[in-house]
Structures are given as C-alpha cells and as structure tokens.
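Work out the full structure: start from the sequences and follow the hints.
Keeping their order, the protein sequence lines are chains A and B.
Here the numbering used here is used: position 361 in the first sequence is 361, and no number is missing along the way.
Take any residue in the second sequence, note its place counting from 1, add 414, and you have its number in the numbering used here.
Careful, some of the hints might be misleading.
[To be verified] To give an idea of the interface, some chain B residues facing chain A are shown, with a C-beta separation under 8 Å as derived from the structure: (1) Asp418; (2) Phe419; (3) Leu483; (4) Ala686; (5) Cys690; (6) Glu693; (7) Ser697; (8) Asn698; (9) Tyr701; (10) Ile719; (11) Lys758; (12) Ile778; (13) Glu779.
Think of the hints as simulated: they come from the structure by calculation, not from any bench.
In this text the structure is predicted, and so the values were computed from the model without any measurement.
Glycine included, each C-beta is placed from N, C-alpha and C at the ideal position.
Below, each chain spelled out in residue letters.
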Amino acid sequence: MDFNDTPEEAAFRAEARAWLDANAKLRGPDDAPADVLGERAGDKIIKAAQAWQKKKADAGWACLTWPKEYGGRGATAIQSVIWNQEEARYNTPPNIFGIGLGMCGPTILTHGTAKQKEQWIPQLLSGEKIWCQLFSEPAAGSDLAGLRSTAVRDGKDWIVNGQKIWTTGAHFCHWGILVVRHDATVAKHSGLTYFVVDMHAKGIEVRPITQINGGQGFNEVFFTDVRIPDANRLSEIGNGWAVALTTLMNERASIGGGGGGSVSDLIKLARRVQIGGRPAIEDNAVRQQIARFYTRNKGVKMTGSRTLSALSQGKTPGPESSLGKLVGAKNAQEMAAFAIELQGTSGMLNDPVETSGLAEWQARYLAIPGLRIAGGTDEILRNIISERVLRLPPESRADKGMAFKDIPTGPPSR
Amino acid sequence: MNFDFSDDQKLLQQTARDFLEEHSPLAVCREILESDQPYKKELWRGAAEMGWQGAVIPEEYGGAGFGHLELAMIAEEIGRALAPIPFGPSVYFFTEAILRAGTDAQKKKYLPSLANGDAIGTFALAEKPGQNDVEAVAAKVSAGKLSGTKMPVIDGDIATLAVVAANGDKGLSLYVVDLTGKGVTRKPLQSFDPSRSMAQIDFDDAPAELLGQEGHGAELTARLLDRAAVLTAFEQLGAAQACFDGTKEFTLGRYAFGRPVASFQAIKHRLADMWCELELARSNAYYGAWALSGYEPELGVAACIARIQASEALNLLSEEMIQMHGGVGYTWEYDCHLFYRRAKVLAALLGSPAAWKDKLVDRIEAGDSD
Numbered sequence: 001m002d003f004n005d006t007p008e009e010a011a012f013r014a015e016a017r018a019w020l021d022a023n024a025k026l027r028g029p030d031d032a033p034a035d036v037l038g039e040r041a042g043d044k045i046i047k048a049a050q051a052w053q054k055k056k057a058d059a060g061w062a063c064l065t066w067p068k069e070y071g072g073r074g075a076t077a078i079q080s081v082i083w084n085q086e087e088a089r090y091n092t093p094p095n096i097f098g099i100g101l102g103m104c105g106p107t108i109l110t111h112g113t114a115k116q117k118e119q120w121i122p123q124l125l126s127g128e129k130i131w132c133q134l135f136s137e138p139a140a141g142s143d144l145a146g147l148r149s150t151a152v153r154d155g156k157d158w159i160v161n162g163q164k165i166w167t168t169g170a171h172f173c174h175w176g177i178l179v180v181r182h183d184a185t186v187a188k189h190s191g192l193t194y195f196v197v198d199m200h201a202k203g204i205e206v207r208p209i210t211q212i213n214g215g216q217g218f219n220e221v222f223f224t225d226v227r228i229p230d231a232n233r234l235s236e237i238g239n240g241w242a243v244a245l246t247t248l249m250n251e252r253a254s255i256g257g258g259g260g261g262s263v264s265d266l267i268k269l270a271r272r273v274q275i276g277g278r279p280a281i282e283d284n285a286v287r288q289q290i291a292r293f294y295t296r297n298k299g300v301k302m303t304g305s306r307t308l309s310a311l312s313q314g315k316t317p318g319p320e321s322s323l324g325k326l327v328g329a330k331n332a333q334e335m336a337a338f339a340i341e342l343q344g345t346s347g348m349l350n351d352p353v354e355t356s357g358l359a360e361w362q363a364r365y366l367a368i369p370g371l372r373i374a375g376g377t378d379e380i381l382r383n384i385i386s387e388r389v390l391r392l393p394p395e396s397r398a399d400k401g402m403a404f405k406d407i408p409t410g411p412p413s414r
Numbered sequence: 415m416n417f418d419f420s421d422d423q424k425l426l427q428q429t430a431r432d433f434l435e436e437h438s439p440l441a442v443c444r445e446i447l448e449s450d451q452p453y454k455k456e457l458w459r460g461a462a463e464m465g466w467q468g469a470v471i472p473e474e475y476g477g478a479g480f481g482h483l484e485l486a487m488i489a490e491e492i493g494r495a496l497a498p499i500p501f502g503p504s505v506y507f508f509t510e511a512i513l514r515a516g517t518d519a520q521k522k523k524y525l526p527s528l529a530n531g532d533a534i535g536t537f538a539l540a541e542k543p544g545q546n547d548v549e550a551v552a553a554k555v556s557a558g559k560l561s562g563t564k565m566p567v568i569d570g571d572i573a574t575l576a577v578v579a580a581n582g583d584k585g586l587s588l589y590v591v592d593l594t595g596k597g598v599t600r601k602p603l604q605s606f607d608p609s610r611s612m613a614q615i616d617f618d619d620a621p622a623e624l625l626g627q628e629g630h631g632a633e634l635t636a637r638l639l640d641r642a643a644v645l646t647a648f649e650q651l652g653a654a655q656a657c658f659d660g661t662k663e664f665t666l667g668r669y670a671f672g673r674p675v676a677s678f679q680a681i682k683h684r685l686a687d688m689w690c691e692l693e694l695a696r697s698n699a700y701y702g703a704w705a706l707s708g709y710e711p712e713l714g715v716a717a718c719i720a721r722i723q724a725s726e727a728l729n730l731l732s733e734e735m736i737q738m739h740g741g742v743g744y745t746w747e748y749d750c751h752l753f754y755r756r757a758k759v760l761a762a763l764l765g766s767p768a769a770w771k772d773k774l775v776d777r778i779e780a781g782d783s784d
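Below, the structure is given as structure tokens:
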C-alpha cells in the first residue's frame, strides 16, 4: 500500500512536467483559479484558451486517451489523470473545452462515421472549434428522455424546433450536440435521434441565464425551424438515447466536487472571529464541526485515491465515482453555511471589499447549489448508486411502454 | 498509486472470513450475550492457532511476524463476525504497548504468552464517567505498588494483564499489572453489549511494573490510542459492512404494497447514503492502515479520521438496520441489536468520537494540514 507513482507513472509525470515547465508558468497564490464556474467567458479568455489548446495539440498533449490517429496520445486513464494533476499546477487559461473534449469528442469517436470523425475531431482537439451540449429542456431535466424538442424530416435535412436549457458556453460555441424527438408515437426512449448542429445556423437564438450568484455561465437556446443536414446525424434514427448515454457517462467522469473551499481556510476564519471574547477556534462546538468537515473531505479524497489505484491497475472505475460529487458538494455547502454562521451578524454581508477574507464564503454558498444539481442531481446520484452499484430494483415508472404523446404532463412551467 | 491491500493480504482476509463463518456465526455472539460466559474460549483458542493474536509479534517472540496491514484485514473480519473474544484490547492495545514501549526483558516475558493466547491483555485508563483525559487520572503508584480504581475496564474480569495509567513520582506513567496477582479485586459490571464483558478493578498496593519512560505516560497513551484506533476502525468497518449487507438483503426480500421494500426510493436513497458513509469509513480506515504501516508522521491525523468516520458510520448503520427491519428489528430474536450494542461499545472504547474530533483539530492546527 502506497501513494507513490509506479516507475512508469513517475517517468510519464516527469515527461509531462518537463513540457509544462518549458511552455507555462507555475500558478502563484495570487493567480486566478482555473475554475470559472458561473462566469461568462469573454473574447480575451477564449482566445487565450484556444492558443493554449493549440499548443498542447501540436505537442500531443491535448487528448491523452484518444487514439493517435485522431491526434490523441493513446495514453492510459491513469496517465490522463497524472497530466491533469500536473497541468493544474500551472497558470493556464480557463478550460473552455471541457464539454467538447470530455463529452462530445468521446461520443463522436464511439458513434460517428469515419467521415464525421474526420470532419469534427481534429478541430475539436486543436481548440479551433468549441463545442456545447444541448440536452436538458425546461420540462426535461433529470428525466432527460422526456425531452420535447422535435425534428421533422425534410428531404436531406431535418427541421428542428424547441428549446434547450443549461447550455454552458452556447454563446461562443461553434458546434453543439443535440438530442431531439423525431417520433412522439413510440415509447419515450425510442423516439429520440442525436445530431451535431452548427451553432451559427439560421433560427438558433441564445439567451443567457442569470444564476442566483449573478453569474451567467449558462444559456437558453431556442430553435425555430433550424435546418440540420441528415449528414450531421450521429448513429441511426431512433438510437439517440443510446448515444446520449455515452455522452452522459463521460460527463459524470468529468464533473467533480471541487470549488468548496478548504478546511484550512475555515480554520483561518475561526482564528480571526471570536466567540465569547475568545477566538472561535477554541470553542468546542466549532471544533466539532471543523473536525467533521475535515473527516468527510479527507474521506472523499481517499476514496478518490482508491479509484486512482483501480485506474493504475488498468481497471475501469464505474458508477462508484458518484460518491465524490454527492458527498463533496453537500459537505462544501455545509462548510460555507457554517463559515457564514461563524461571522455572526456580519454573515448578513456579501461585501468583498469591506469584509475581505469573509465574503469568499458567501460567494461559495451562492455557487454551491449549482454543484448539487449539475451533471446529475443528488437525487439522481442516489438512484445511480442504489440501482447500479447496489443493484436494488429500478424505480417503477408511470410512463413505461406508453407512447410519448400519451404521457401525462404537469401544467406548463414559466 | 497503489492505495489498496495486496492480493496476499486479501487472501489472508478471506481465510479469516472462512474461519469465522465456520466458528463464529452470529449465533456464537448471541450465545455469549445470553449466557454468563464472558467470552467464547474455544474461539479465542482457535484464533491463537490461526496465529491472529501474534500477527504482528516478531517470530523470535513466538508471533507470526506479519505487518499491521495484515492485522487490519483480520480486524475487519473479527468486526464483521461480532466475534465475542477479547481480541481488540489484548492485540490492538496491550500487545502494541509491549511492542512499542516494552524493554527487551518485557517483550521476552509477555509476548510469547500473548501470541499463543495463554495471556489476555487489556488497558485501564478510565476511572469514572465523562471524558477520560489523562489529567483526570487519580490512581497512584508508589514504590512499585499501584492503588486506585479503574472503571470500566473492558475484559477486566477475564484479562490476565493490563496496562494501567497512574501517577508515579515523576507524573503520569503507564504500568503493566498482573491482574491475577495480589492487590487486585475485580467486580464485573453490566455491559451495554454483553457479548463483551466489563469490570471495575480496585488496586490496593498491587505490584506495578513501569512501561516506557516514567512521567511520559500522556504522550505514550496518545500514541498507543492512535494505533488501537486504526485497528478498531477496521473492526467497526467490518461490523458496518455486515449491517449494510444484512439490511440490503432484508429489504430486498421483504414485500410491502406489492413490491420489495428495497424498491421504494425512501429506502433506496437511504441505502445509497449508508453506502457512502461506509465507503468513506473504508477509505479513511485504509489511510489509517497506511500510516500505521510505517508512515508515522501522518498517523496522528489518520487515526483521528479513521476513528471518527468508522464510529459515525457504524452508529448510523446499526440504527438504520433496526429502522429498516421495522418491528422485527426491535425484537430480541433478530440480530439487529447485536450490532446496535457493539457499535456503542466500539465507539466508546477508546474515548468518544467527540473527544477524537477535538484531538483532530489540535493536530490539523499543529501540522497546518489541509
């Protein structure tokens, strides 16, 4: 039992570090964090991110696990993790290619024709084209297969109408992956087809969504008579759900529980504020909470180490990795709530200038609810754990076997 | 990265599981719980023949010469079986104390009989209800004679040897005391988990042999508790896994409203949460085992998080086990209460989880760990 790299892993790490040393600077304490959840990326950030991605692609560091023939490195999963660990130490531009590289690319590589791969993969990998995901709808979130946007065949094209939501980066993306309903007379999973859509096509309108923290990382995307060539269809007509599952499995592998603040920051706060005239850190009730947060954070981290060990041994981690986000995001929310409580009446403030060192917790508290929803809500993760890890019976479904058009719906949401 | 047990270690675990499934089904735990016997003697003997009591004792002292990772695997299985034997106090605490702090002479004197199961060791720190800080110790040693009262002492009625915390001329120190010798009066106490026995021990000028440096009892106790905490966490982990497996099996087999109870989201989601708590406990226990196997600088923090999460997981799972069994879970006849009882004994044994949380924050602050 040890936490060390194998000799092969250590050699790979050294190789990665050597390239990074030559091409980037280490991230300093004052550099902006790489994670920009909820921020609306502007032109400057996008150009910088594209330049960095191009540099990596030219040197073979863009998509490590992809086959070499598509510009990847043919690397193992653990090598990819090692690369990510190393890259995170450097002050690189925010990663705006996560959806394209983490989800769209693997889906195209799995289900695309040779021609489709040739058309999309090289520019995706080099960062020249940026991709987004058009899955969720106002009436189809956790029950994604209940989506209602339609595609109607018209000669060599399809005409798409409807609305998508929670589309990260839709305002600057070139391509999107899209699941729509081509047949409402069959059961809901059977009537879906999967397309790649040009985000600049006529009839697409992108509107930003303002989150509870004021950020605008997401968009609504409206489709009005949008024409998509049949050549942009991925896999067969009616096979959309199977293709979507490929995408979603890659999504769960790429969303973590980060962004929650550290226990050492919480301890700094507890030393700074007082309870009963003494530093709060001396108060036993405070200590009990801090110990609990630390124990759970460390538990998530050590569970991650067990997953990495499995990867290192060439195994494929499965739905067990849902634990990290489920436990991590909730723990992060409780930590931020506790930090606000420690501030006493100043907990009412959210003033980064006047209460510097405190308001970061308010910002986190406003960002974290998104973590508990994105990429599988806490409730969906519990379904995944109970059904796919523990093998408990599936939910009974009121819409099972019904034609989609006959499935009851609630009143329209706003 | 290889944060896992080796194939050989897992094989040893499987051997332990097979042995305990044959010799220590829950009926054996129940037998001790319902009888006046303090522990299952045949099982204790059988474990000694398997080499378990001497797992980490070097071969020159009659042990098997394994490492702590191997002992952790055995501990997990002992926990899973709720084995009614004085294993933890004797192996995780007393034996560790002799190995870590004993002189060569003490090792020669005690280790062989601990390894072959002839001797049963325990530890006597607490004296009264409440958090048992070392500052609260009133027992005294003067001219090699111990006086004072210790309660509760786990296995205090059956152990032949104890490590006792008492104040000597130079302050708090640890002593080895022969519990079968003069000056020792034992009184059995009723245990919350009668498959594990408890006693009060009165010492009246009992001969006491210094263990480790005089006046350094507080530091030594803390070190020994850390080691015992990691190994006990594996017992808790094994018991928690058994709670989980039993609850899952029961809810899958029990039907209500025309469906297995385990198909209701109200149960499925709680089972998912229980599984998460169990996995966190497993991960933290592994971290503790890693630290115990030779990475001492991290043992202080690792022991705390292993103990805290294992205690909380077993508490939760044993409570949910009864709840999810419904009415039958509350009967004497079903085994749920065996886990419910053992959970509380294991959580209290080395000091409460609240005390370990306080200790954890001290250690995070001292190390500036993230």
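For this session: Starting from the hint list further up, note which numbers the structure goes against and sort them upward.
Result: 11
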